[in-house]
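What follows is the residue order along each chain.
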Amino acid sequence: MKALLLTGGRVLDPANRFDAVADVLVVDGKIAAVGGDAAARAPAEAERLSVTGLVVCPGLIDLHVHLREPGQTAKETIATGTAAAVQGGFTSVVCMPNTSPAIDNAGTVALIHDVALDQGVSHVYATGAITRGLAGEEMAPIGTLQKAGVVAITDDGHCVQNNEMMRRALEYARMFDLLVMDHCQDYSLVTEGVMHEGYWSTALGLRGWPSAGEEMIVARNVLLAEKTGARVHCQHLSSAGSVQMIREARQRGISISGEACPHHFTLTDAAVAGSEKFWAKDGPGIWGFATPDRLRPSWPVYDTNFKMNPPLRSARDREAILAGIADGTIEVIASDHAPHCGYEKEVEFDYAPFGITGLETELSLSLMQLVHSGRMSLSDLVHRFTVGPARLLRLPAGTLTVGAEADVTVIDPDREWVYERADSASKSGNSPFHGWPLKGKAVLTVVSGKVVWKDLKQSQG
Amino acid sequence: MTWNRKHLLDIESLSAEEIITVLDTARAFKAVGERAIKKVPALRGKTVVNLFIEPSTRTRISFELSEQRLSADVINFTAEASSLKKGETLKDTARNLEALNADFIVIRHSASGAAHFLSRVLNASVINAGDGAHEHPTQALLDTFTIREKKGRIEGLNVTILGDILYSRVARSDIWALTKLGAKMTLCGPPTLVPREFEKMGCRVTDDVEEAIRDADIINLLRIQHERQRKTMFPSLGEYTNLFGLNRARLALTKPDALIMHPGPINRGVEIDSEIADCDRSLILQQVTNGLAVRMAVLFLVNGGKGPQEVGA
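Protein chains in written order, with the numbering used here: chain G, 1 to 461; chain A, 462 to 774.
You can take every hint at face value.
What follows is a set of in silico ranges between Cβ atoms, one per label pair, in the way DEER data are often shown:
no.	chain 1	residue 1	chain 2	residue 2	range
1	A	529	G	343	32 to 40 angstroms
2	G	292	A	529	43 to 51 angstroms
3	G	291	A	560	44 to 52 angstroms
4	G	293	A	668	42 to 50 angstroms
5	G	101	A	465	49 to 57 angstroms
6	G	298	A	532	36 to 44 angstroms
7	A	729	G	248	48 to 56 angstroms
Partner residues aside, some chain G positions facing chain A, computed with beta carbon under 7 angstroms:
no.	residue
8	199
9	202
10	204
11	205
12	206
13	346
14	348
15	349
16	350
It is worth saying that the hints were derived from the structure and are not from the lab. Since we're looking at a predicted model, the values are computed, not measured. Here a beta-carbon is modelled for each residue, glycine too, at the ideal position from N, C-alpha and C.
Full structure from sequences and hints, please.
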């Protein structure tokens, strides 16, 4: 028998509406007891960890991660990506299908599952493609993918442009009750855009990616979700208009959901003009940096670590995303962790690939902008990282119910630390948050009863 | 007045004083250019690489001649961005040139921010000879120099830029330079080519060409290109010429001392009537001449020169 007892922590389990100081006992990879006689029932040989003053919650889930394996293992592997996940407090990650080959066949799903079992540190769930090769033209073998174990379908990185194709994919996916996730981008409106279209794209002479390019597809998805009754999930929402459309659609009972990424609710397009411009304008609008007493990190103009898709938008959009998360319109926070090699990003802004890493800064940035800022309770934030994604994907995760898989994250919400690329477990260092002073951190991560990340020292009295 | 910059990457970050320093230094170099012996030893023993990743004729020739007049050793490197993209990165290309002990890299590139990027990865001085739609600082400096030479001042002048502003690095650099020195800027063209966002750069934006030129002291025309991929921006060159081209009738509406500028190359009969391009109110060729003095001044300053007082009399 292998046992672990976490003592004295504040246990937050939104799935069971549980919020109290309690001990948590894990035996043989399952939650054995929460509170009550948990300590008394712990076997003598159990590992005991004091987590007094810390928050014990179900293992966090990130439903939008690029692990790059197979085919792009210079950027990331299942081993390194999941190591970054647990370091950030995530016990389950959902990987996107834009690998090489794409996850549009059962063989690739099986390969990912095998490698994850062998080398993964966290649980790994795969998504399958909506269309073959993510090309948007022919339906992928959705039924076969579902039998192989994918938890959702998406063409992420690409967006299904053909509305008939999308409609039929939704109708077809309903047969399996599969969530259809969509990267919302109208190609004809966005064309060659590399950053949010607005003042900064104008001043920097960079081609604009207008908000309407996202909103057009969100509107399409609302209409098709209503028509087909399928469950549609709009990935990484970046614009105020998208949030409002999803809010209204949900009020009308349409099965549509949305997710938000920390970079979209922390940074703005001004960041592409460099730190000086960002701190002069939109920077002070984020929690923790209102006054210059906290060290304000610096970065140059045209820094490609601020290039992602969808792009950083205006302060107004950032505000709308935060409000959408707080009022429950957006029920999931995800990283869109997108590693790229240093040499790939060290090029002209136009030529750099879109995407940034995010697993290791996601929880801290969320705590800062949503909880420390007073926008929502810690319990609600934990909900967005656990019950939210677990429900959407029908995952057997996101709860501390007795008998559940013992995936546990211990958070020190007040821990002050600085994110350094050198400390990252990811194979890539393309984070815009390098050198940022952060508040709040995952200090213990337990996957199936096994401690896979521990950084308790500075968090214990 | 003094100059302490190693690079010239943009106008936006320059102060009015720094711009004036360049203009005054250029005035001293213009005098040098009018002498029988036009060459000075300021950059003797220094190596300048003209790294032109986007085709250019006039800017490259102007830089090349400026460098030769300063006695520098000059290397020209031209390549299409597309072929560079397939193989070596810009960083590697530039570092290879630097390994040959290049002291200055003059870069022209189709990607905005390319000069800033190079300045971060090289030890050499970087001079931006135009990056994408971002900036073309030496063009703005020569425009400003020319206006100041003709009008005796910049402050209080009404300057109108007419044409394709959206894709123009010249427009952005001109806007920064001229507004910093106190000019009042008006931008005019179809809304597809002149987005309202430019108002936040301190400009007036209008699609009424007659109103835009009526009070102008300077009318700066930009080249209109109608390439295949831009068919969504305006219907035809003909319609552009009808609506916005500078013709005799429109010129009659302007102040009698309003002057005409164009960064070139001009499209006769499109943005400007042929006879207007050649009339005595046109500064087009004087801009080219002044470009030499301005580029000599810039190279001289980034090489450690402090200002016009150091240019040999």
